[in-house]
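Protein chains: 2
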Amino acid sequence: MKHQVNKLVFKRLGIDTQHEHFAYMREDCQVCISEGFEALTRIRVTNGKKSIVASLNVVRSQILKTGEISLSESAIQALGIEEGASVTVSHLHPIDSLGYVRSKIFGNELTSGQFQMIIKDIVDGNYSNIHLSAFITACAGSRMQIDEIISLTEAMIDTGHKMHWPGQCIVDKHCIGGLPGNRTTPIIVSIVSAFGLTMPKTSSRAITSPAGTADTMEVITPVTLTMEQIKRVVEKEGGCIAWGGTAMLSPADDILIKVEKALDIDSEGQLIASVLSKKVSAGSGHVIIDMPVGETAKLRSIEAANLLKVQMEKVAHAIGLKLKVVITDGAQPVGRGIGPALEARDVLAVLRNAPDAPVDLRERALLLAGELLELSGKVDAGEGNDLARKILDSGKAYDKFLAICQAQGGFSEPKVAKYRHQIKAESDGVVVKVDNRRLSKVAKLAGAPDDKASGVDFLTPIGTKVEQGQILYVVYAESKGELEYALEYLSSQKGIIEIA
Amino acid sequence: MKHQVNKLVFKRLGIDTQHEHFAYMREDCQVCISEGFEALTRIRVTNGKKSIVASLNVVRSQILKTGEISLSESAIQALGIEEGASVTVSHLHPIDSLGYVRSKIFGNELTSGQFQMIIKDIVDGNYSNIHLSAFITACAGSRMQIDEIISLTEAMIDTGHKMHWPGQCIVDKHCIGGLPGNRTTPIIVSIVSAFGLTMPKTSSRAITSPAGTADTMEVITPVTLTMEQIKRVVEKEGGCIAWGGTAMLSPADDILIKVEKALDIDSEGQLIASVLSKKVSAGSGHVIIDMPVGETAKLRSIEAANLLKVQMEKVAHAIGLKLKVVITDGAQPVGRGIGPALEARDVLAVLRNAPDAPVDLRERALLLAGELLELSGKVDAGEGNDLARKILDSGKAYDKFLAICQAQGGFSEPKVAKYRHQIKAESDGVVVKVDNRRLSKVAKLAGAPDDKASGVDFLTPIGTKVEQGQILYVVYAESKGELEYALEYLSSQKGIIEIA
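Note that the protein sequences, when read in sequence, are chains V and S. The first sequence: position 479 = 548 (my numbering), numbered continuously. The second sequence: position 232 = 301 (my numbering), numbered continuously.
Pulled out of the complex, with its shape left as it was, chain V reads as follows (with noise of 0.2 angstroms):
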């Protein structure tokens, strides 16, 4: 309890512990002894005019010597401390926002300046993964109200860098929960621009899943821009589709998407929040939502389904976001490849109109930019889909896709891996159900999405007639190794297709 300052001496030792921010300090310092170590301390760590919040570990070697401190990477770049600058140690005053984390742990709502503050906190780093998993688990399982979710939502939004674009109209479409295949973002993109719309499209890389569309669209083309570059290529051709990662849209959601991921739990409140507060800092104005449904999709039944639309829609509205839930058939794959290269082939068969292109990317793409079309209000309701149907069959999307490709940096063809191996049915019949989860977790296993062209081609989607002997799928690997390795998780599972 005593509030001693120390000065110390920095010396880095190059730990990454990621967002929460960590202090490195010998047991036999002042604060080590003052503070006791055994309730998890945490402590204010000054350099000149930037104060950041640390939890403690106490170092018992000779790593570091009396009088010296060290800190992890975050911290060192969030205080901008150099090796040998002199840093103050104080006690930590009560962190007020954490009170209203409490309140919500009883089951308290929280008003709109609390939430303002607690996801102040966070993007300050002031708050351990200890208070964000308890902030998460006390507003997951539909603890939130709707005002709650706004207020989280516009919380996030002002935490967050914000994005300026040419044009009047400026649309995105977003998926909730991806479906191994999905690709239909660089599709639509293509369709929305090459008809006038202004589509800066930033996504994400893969976390858990076997390809992200910046994965994907990687395989063709550079997709790691500055927000200079990104910005030139959507002034040149009203659209791009980029990689995401670095432009700070919520730096909130970043941090708390971690803890999610370690807890695997997604609640909507936050995913909400999540998804709304990105669209609306990268500047969009009119977004479609495809919300695939299924038995092994994220979104389980359309009962769920049409709760969180309704959910999402209301925070559209309040947040002054045109928004359009389209809720889709989460059953099965989408398009027949699963990994970066092998999706990439799909969404460029689409595009080039090849007779081989997958029906059902080419049908789920043209329905959702024909809503998205529509939502800007440009086009007349029921025209849309016509008309972007009119849009790709021209070529135009085409053209409009290469020019993206050639102001992003080139474009290449994408590789075919070396090693496959065909699954074949063990019985003749109908194909009934397709287990999305594990067929995704085969190509994983198989490389993707770190090796491009490993990956999964899925060939009978449900419905589909076949004969014992009949190829189901295909398993692409880059490397022997890990084609092994995914034929001996295969080994041990059944019924991934199912045949009745």
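Hints are computed from structural coordinates only; laboratory data are not their basis. Some hints here could point you the wrong way.
Because identical chains share one entry, a pair is satisfied inside a single copy or across any pair of copies.
Stated by the list, open to error - Computed cross-link-like contacts, EDC-like style, restricted to lysine to aspartate or glutamate with a CA-CA straight-line distance of at most 20 angstroms:
(1) K510 <-> D165
(2) K459 <-> E337
(3) K330 <-> D165
(4) K327 <-> E96
(5) K231 <-> E304
(6) K510 <-> D333
(7) K563 <-> E553
(8) K534 <-> D497
(9) K330 <-> D449
(10) K459 <-> E96
(11) K119 <-> E151
(12) K549 <-> E96
(13) K118 <-> E217
(14) K393 <-> E432
(15) K119 <-> D335
(16) K327 <-> D85
Knowing the structure of chain V, use the given hints to seat chain S on it.
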């Protein structure tokens, strides 16, 4: 997603991260590359037959050479590993019991078997702080059914170290939510063991308060005893008043309590499981719970206390523990001293039947000792209080106390602090309210519990008629700086003692 197994050489860096195991690995090692570091990665580390789960920190410096790994101190201890030994690092398979935590987050009731698995995984170190925080939060705010609290308590008992004592009737006493100065324990132990019951009392040190019973007793006699020493004292004298820190009575609770303190929340379910599991593990069959209620006590209303009382009694009954809850007055400190030596002085005054002994401390101790005598079944209902009084008045309790101190290693008189400052009434009137929390804070700022003789002497209980200039309380400190520190805080505080 790749499941490579890596052999690495262990190097100690001496970093103490408390209960959460951490592994430190270079950014160029296989695991860091293949697992990706974005997702708060956890890995399995194996040393021979021992295996732990650790959270990964990535090292971006030369403190580790290629092929080396370091581990936090807790992980080193759990693996029993020596510098230079070779460990295996592998992918972590999902921890099943986290599925039950998720289920609880989404509002489902858990079974006894599910709590057993959760608590076992916590004791095994398989939960990160993120998971622990989610479990605590999901169980807080009246989200646990009584059957769940029983299951949690039983799971904690099953994973704890169990103590065994000579004698048939082992009794204990616990106070929920400490009240400053409420140091009845040494007096109660002396009375009931003088009577012939066995009361092997192990107490805690202060974590957030100005003194725990162990801190107070340490002023008078050694309290850091081994289990063997404690057993010898109890065999000889029928009672002890030792520090229980190393007893491992409920290792899951020891971990959960740290995270609860970081969150600054107390949930009734965890509280009941914590207290009762430790009592059963400590070998007690009969327990009195002191439950002080007051505006600035932990329990703020009689209704809240009664709710907790009913739940606690139900759980005790289910696990075969004879328990009685005594709701007491928590409006103000008990006795005069707040801080180890000042409280020890009060305890000795009561035991010695000194004419100036604080009456409230004496009467509270007699009330609880009387209840405990009756609960044991050896004393008839209605006779406990008089019997306790007789034992105290006769000097037998003091004799027993001295004998226990001698058995624990000797007796010494409490020291008196050198520096003091009197806080005086600013007007005439009657004391109507006392702020326990701020009075405790003054005692802590003055140096308690580390500086044993520091603290506060509170002289004017509620109802005292005071004149302007009369001393309300005295601040004691061992150093001038700390006295000033406490006074600086006081200069900004009004109405700690309210006079009307």
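Structure-based check of all given hints:
no. : hint          : in the structure
1   : K510 <-> D165 : between (43 angstroms within a copy, 18 angstroms between copies)
2   : K459 <-> E337 : neither (37 angstroms within a copy, 64 angstroms between copies)
3   : K330 <-> D165 : between (26 angstroms within a copy, 16 angstroms between copies)
4   : K327 <-> E96  : between (31 angstroms within a copy, 19 angstroms between copies)
5   : K231 <-> E304 : within (17 angstroms within a copy, 72 angstroms between copies)
6   : K510 <-> D333 : within (16 angstroms within a copy, 40 angstroms between copies)
7   : K563 <-> E553 : within (17 angstroms within a copy, 74 angstroms between copies)
8   : K534 <-> D497 : within (8 angstroms within a copy, 96 angstroms between copies)
9   : K330 <-> D449 : neither (41 angstroms within a copy, 59 angstroms between copies)
10  : K459 <-> E96  : neither (71 angstroms within a copy, 50 angstroms between copies)
11  : K119 <-> E151 : within (13 angstroms within a copy, 40 angstroms between copies)
12  : K549 <-> E96  : neither (50 angstroms within a copy, 26 angstroms between copies)
13  : K118 <-> E217 : neither (34 angstroms within a copy, 49 angstroms between copies)
14  : K393 <-> E432 : within (18 angstroms within a copy, 71 angstroms between copies)
15  : K119 <-> D335 : neither (34 angstroms within a copy, 34 angstroms between copies)
16  : K327 <-> D85  : within (15 angstroms within a copy, 24 angstroms between copies)
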